[in-house]
Amino acid sequence: MLEKSLYSRREILHRLSWLGVIAAGGLAMGPLVQYLVNDEDTMKSPLVTFKKQLEESSSWQNVPNTRVWVRKDQTGFMALVATCTHLGCEVQYYPDKKQWECPCHGSTYDVEGRPVSGPASKPMVRVAVEVKQDGSLVIQTNKQVGIDERAQ
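Offset between the sequence shown (1-based) and our numbering: plus 2.
Read the hints as simulated data drawn from the structure, not as lab findings. A couple of the hints might just be wrong.
DSS-like cross-link-like pairs, simulated, lysine-lysine; straight-line CA separation at most 25 Å [what the hints assert, rightly or not]: (1) 54 / 100; (2) 53 / 134; (3) 74 / 6; (4) 53 / 145; (5) 134 / 99; (6) 145 / 54; (7) 124 / 54; (8) 124 / 53; (9) 74 / 54; (10) 124 / 100; (11) 53 / 74.
Have a look at the derived ranges for each label pair, beta carbon to beta carbon [to be verified]: (12) 32 / 59: 29 to 39 Å; (13) 90 / 13: 43 to 53 Å; (14) 118 / 58: 19 to 29 Å; (15) 120 / 37: 36 to 46 Å; (16) 28 / 89: 45 to 55 Å; (17) 119 / 64: 21 to 31 Å; (18) 33 / 113: 34 to 44 Å.
Every residue, glycine too, gets a C-beta built ideally from N, C-alpha and C.
Based on the provided sequences and hints, a complete structural model is requested.
Rendered as structure tokens:
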């Protein structure tokens, strides 16, 4: 005499399909968690040094291996962190357009880092600059300053 199975074939396939969905979801969580806990965009040190000489009214210059950009105008030296104030993407400077652009969601900023269009509503962060005796700059990325503040 044949015993009746505890589960039907349809029920077994249904449960296996749900197991597959749960496994796929679990596998997708790994890269997501890795992305969320990544410290790639954090500054390695609150002090950044820029040793190149800047001419007055020069374009923004990137400090190598950082998101910090520096510039000199008639009133002094300034620095900003090229991070979009919308969701934190790295912003690129386009000297021919004299504006900053975020590749993630399309925010644009003027040459001074003030928002022009897009979802970003706050200006990019300006940080303190100190001019050393040898002409090099020390940028304090953990010390925010106003948009009009310059170092002499």
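Hint by hint, here is what the structure shows:
{"no.": "1", "hint": "54 / 100", "verdict": "22 Å, holds"}
{"no.": "2", "hint": "53 / 134", "verdict": "10 Å, holds"}
{"no.": "3", "hint": "74 / 6", "verdict": "85 Å, violated"}
{"no.": "4", "hint": "53 / 145", "verdict": "20 Å, holds"}
{"no.": "5", "hint": "134 / 99", "verdict": "32 Å, violated"}
{"no.": "6", "hint": "145 / 54", "verdict": "22 Å, holds"}
{"no.": "7", "hint": "124 / 54", "verdict": "30 Å, violated"}
{"no.": "8", "hint": "124 / 53", "verdict": "30 Å, violated"}
{"no.": "9", "hint": "74 / 54", "verdict": "12 Å, holds"}
{"no.": "10", "hint": "124 / 100", "verdict": "18 Å, holds"}
{"no.": "11", "hint": "53 / 74", "verdict": "13 Å, holds"}
{"no.": "12", "hint": "32 / 59: 29 to 39 Å", "verdict": "49 Å, violated"}
{"no.": "13", "hint": "90 / 13: 43 to 53 Å", "verdict": "47 Å, holds"}
{"no.": "14", "hint": "118 / 58: 19 to 29 Å", "verdict": "25 Å, holds"}
{"no.": "15", "hint": "120 / 37: 36 to 46 Å", "verdict": "23 Å, violated"}
{"no.": "16", "hint": "28 / 89: 45 to 55 Å", "verdict": "26 Å, violated"}
{"no.": "17", "hint": "119 / 64: 21 to 31 Å", "verdict": "23 Å, holds"}
{"no.": "18", "hint": "33 / 113: 34 to 44 Å", "verdict": "37 Å, holds"}
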